[in-house]
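Undergrad: Sequence:
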Amino acid sequence: MPKFLLPLLFLFLLQIPTSESDEISIVWGQNRNEGTLQETCATGKYSIVVISILYAFGNGQTPQLNLAGHCDPSSSCTAVGKEIGYCQKQGIKVILCVGAGDDDYNRASSNDFKSLSNYLWNNFLGGSSVSRPFGDAVIDGICFYLPESITHVEDLARYLRNFSTVAQKVYVAATPECPFPDNSTFGTSIDTRLFDYLWVEFFNNPSCEYSEANSDAFLYTWNRWAQWFYGTKMFATFPASREATVTGFVPADLLISKVFPAIKKSQNYGGVMLWERYYDQLSGYSTEVKIKSLCSTQGSTLECRGRDGGFKGRLGYMERDGYVVYKMEESNDMKCCEMICRNNCSCEAYAALNQVNNSGCQIWGKGSSFIEDHGAEGKLIYVVKNKGIPLWVDLVVRSSGLWKFVKQECIRGTINRWWIWLIIGIGFALAMPLICYFCFALWRKYKEEVDMKMKQMKIIKEIGGNAMLSMAYGKAKNSKKRRKTSNEVEIFSFQSIVAATNSFSNANKLGEGGYGPVYKPKQPAFFVSVVVEEPKFHERSQDHHSINDVTISTVDAR
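In terms of mature numbering (1 follows the signal peptide of the UniProt record, and there is no 0), the sequence shown is residues -21 to -1, 1 to 537.
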């Protein structure tokens, strides 16, 4: 895999949620073959880089910076200063470690530590001096390397704390060896609130370092440190390879399965510190820890994964090159690789790097399309499956002419969410005119009905108040041929008129009118008298369900 892809890979991996913070700190500056500080930060594996080391202070001495040949502090280390700025832009804290050497720092007075704090402020922190080794670069804090207890270390921590401002915080840290100092100055008597980080070294001390036979002693020691420094972020420091220290190396699988579950129970757990960058570069220890931590993560399903249908193994290849996550040669069942992909919303596919023994892991992010191929170039790739789209979206897609494209993208497994929204937008645009038309048609029909009722009321009013008694029986006449509603109102049906005139009996006949015979209707006590002119014969035979040519008027029936 090209080196320039390494930062992208670890930025990709950093998006994967883990159960705890799991920060990794690294010591840099102890071997000139470990690469530059910028290369160290560019890996994306470390959250804090500790530059080691500044020594020889107190008793009137001028502190000395030793970076193992990376630069000559007596002339200039401004190149390192620029790399410090690069690391900080990546969100990585850079802290300078002070201590070690052969000097007896217990001989230093409180005033010596006051002078040291001023020197650190002016030469490495936010102060100013003509002798700043890193030029204008401002480091994030100071770490005390404490192989044994040092008098007045609390004073130095407090002096440095006083330099902190709202704009710039000065981080204060310490790296004690693992035996808990019951009777020392750096122990039960120190103000633990002065320290932001504590990197406890669990190596070269068999009594408290981790081994499967000594796990209880290790955990007991860790808990004592964690409980006493309850307000400090705690890191356990381990060697990055067997060659890095005499004793104390913990294989990555034991670190993940045994050590992490125990120390993560502490509320102030922060992560691990590795000694040191050169050996980590050779062994790949931090990468192995990172990958195995991701593989062991059994968190809840991500929200983004709730919208797809899991992964399906298919034969083919991806249009773009993927990221090689790890190259472990031992055979595995791809569960680790699947977990890494499943826990990252950007992952679209994964596959074994070596298809012969199903080892290694390669993943592909969004934007990489799968191509079906059962030939020589095809290999087994697990591609994310998209859940079926709703029926109404399917109908919109088919009607809009996008079906072939969407079908092809679904087959290739590369359809993205924005296509779904595009389809929804097109469907909405197509449906809006129809919705508007139906709304307009319903409104027009309602308006016609209202107008018709108003016209009926007007006609009945013009006919006369006596006709209002028959209003409950009145209805508008519809013209079926023209499909329009007329203004004619049927007050009486033909059958009711026949009954009222005794079938047009001569006994009820009053005489002849301008339109024909005039009849007197039957008159119960509660009826209003009306005079009805008999319709002409040809009018009777047309439609007995509605009488339009009947003349109605009030008469005096007495």
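Bear in mind the hints are in silico, worked out from the structure with no lab data behind them.
It is possible that some hints are incorrect.
To be verified - In silico DSBU-like pairs for lysine-lysine, Cα to Cα no more than 35 Å straight-line: (1) Lys306 / Lys358; (2) Lys237 / Lys314; (3) Lys291 / Lys212; (4) Lys271 / Lys212.
Owing to the predicted nature of the structure, the values given are computational and were not obtained by experimental measurement.
Undergrad: Does lysine 212 lie within 35 Å of lysine 291 when you go C-alpha to C-alpha?
TA: Not OK: lysine 291 and lysine 212 at ~42 Å, beyond 35 Å, violated.
Undergrad: Has the given pair, lysine 306 with lysine 358, been kept, meaning a C-alpha gap of at most 35 Å?
TA: holds, 18 Å
Undergrad: Please verify whether lysine 237 and lysine 314 have alpha carbons no more than 35 Å apart.
TA: holds, 20 Å
Undergrad: Does the structure keep lysine 271 and lysine 212 at a Cα separation of 35 Å or less?
TA: Given pair lysine 271, lysine 212 holds - Cα atoms ~23 Å apart, limit 35 Å.
Figure legend: structure checked against the earlier numbered hints; the only hint not met is number 3.
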